[in-house]
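Visitor: Everything in the sequence shown is counted per this note's numbering, starting at 1 for the first residue and increasing by one.
Check the hints yourself; a few may be wrong.
[As the list claims (entries may be wrong)] Have a look at the derived ranges for each label pair, beta carbon to beta carbon:
(1) N113 / L29: 21 to 27 Å
(2) G11 / E65: 30 to 36 Å
(3) N47 / G26: 30 to 36 Å
(4) D41 / Y115: 35 to 41 Å
[Claimed, not checked] For lysine-lysine, the following DSS-like pairs were computed, each having C-alpha atoms within a straight-line distance of at most 30 Å:
(5) K48 / K70
(6) K27 / K75
(7) K74 / K48
(8) K86 / K46
(9) K74 / K46
(10) K27 / K46
(11) K75 / K86
(12) K70 / K21
(13) K46 / K21
(14) K70 / K46
(15) K48 / K27
(16) K27 / K70
(17) K86 / K48
(18) K74 / K27
(19) K86 / K27
(20) K75 / K46
(21) K48 / K75
(22) K79 / K27
For the record, the hints were derived by calculation from the structure and aren't laboratory data.
Note that the Cβ used here is the ideal one computed from N, Cα and C, for glycine as well.
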Amino acid sequence: WRALCPPLLTGGFIVTTQNEKVGIFGKYLYDAVGQRVRLFDIGSFKNKTFTADVLLHYSDAAMYEIDDAKQTCKKSPLKADFQPLKIPQDAFWLSQTVVGSSSLPGQGLLVNNWYGKLPDKSGKPVTGTCVVKNNGICEMNV
């Protein structure tokens, strides 16, 4: 593997379909040390809004669906292996872009885009490596 992301990471994501029938806005908390991922989602499907709060606890092989409004937590078996966020060794570099402003030093976020396959998976994710201020490095899958 080329590089791992930081062991503790937070971020957000947006998922939409081409026909715009499904839209999801989410936040994730990634913990490689404890092998946990927590997802907070709000979305719409067929003109109905839904929310989700899910904790994937890989080392315990458990998934927890949390409902704050009802104050409930449903535990289910998790039958998947933890997949650390990283850039595969055989991935190849696609491009480099700046998110934000590039007119002043330190005002933008430099992003390297990579393309590669995950082992034993049929999908082909694009992976971004973000270089942040003060020479810190944040590497993440997009």
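Visitor: Given the hinted pair K27 and K70, is their Cα-Cα distance within 30 Å?
Guide: Judged against 30 Å, a Cα distance of about 21 Å means the pair holds.
Visitor: Just to be careful, I want the Cα atoms of K48 and K70 compared with a cutoff of 30 Å; is the pair within it?
Guide: 19 Å, holds
Visitor: Is K79 close enough to K27, meaning Cα to Cα at most 30 Å?
Guide: 23 Å, holds
Visitor: So the hint says 30 to 36 Å: do the beta-carbon atoms of N47 and G26 match that?
Guide: 19 Å, violated
Visitor: Check the hint pairing K74 with K48 against an upper bound of 30 Å on the C-alpha distance.
Guide: At roughly 22 Å apart (the allowed maximum being 30 Å), K48 and K74 satisfy the hint.
Visitor: CA of K86 to CA of K46, is that 30 Å or under?
Guide: 35 Å, violated
Visitor: Take a quick look at whether K48 and K27 sit within 30 Å of each other, Cα to Cα.
Guide: 20 Å, holds
Visitor: Assess, step by step, whether the Cα of K75 is no farther than 30 Å from the Cα of K46, and give holds or violated.
Guide: The given pair, whose Cα atoms are some 27 Å apart, holds under the 30 Å limit.
Visitor: With a cut-off of 30 Å on the C-alpha distance, tell me whether K86 and K48 pass.
Guide: 35 Å, violated
Visitor: Sort out whether K75 lies within 30 Å of K48, counting only the CA atoms.
Guide: Holds: K48 and K75 sit about 25 Å apart, inside 30 Å.
Visitor: So if I understand the rule, the pair passes when the alpha-carbon distance is 30 Å or less; does K86 with K27 pass?
Guide: 19 Å, holds
Visitor: Do the beta carbons of G11 and E65 sit within 30 to 36 Å of each other?
Guide: 21 Å, violated
When each numbered hint is compared with the structure, violations occur for hints 2, 3, 4, 8 and 17.
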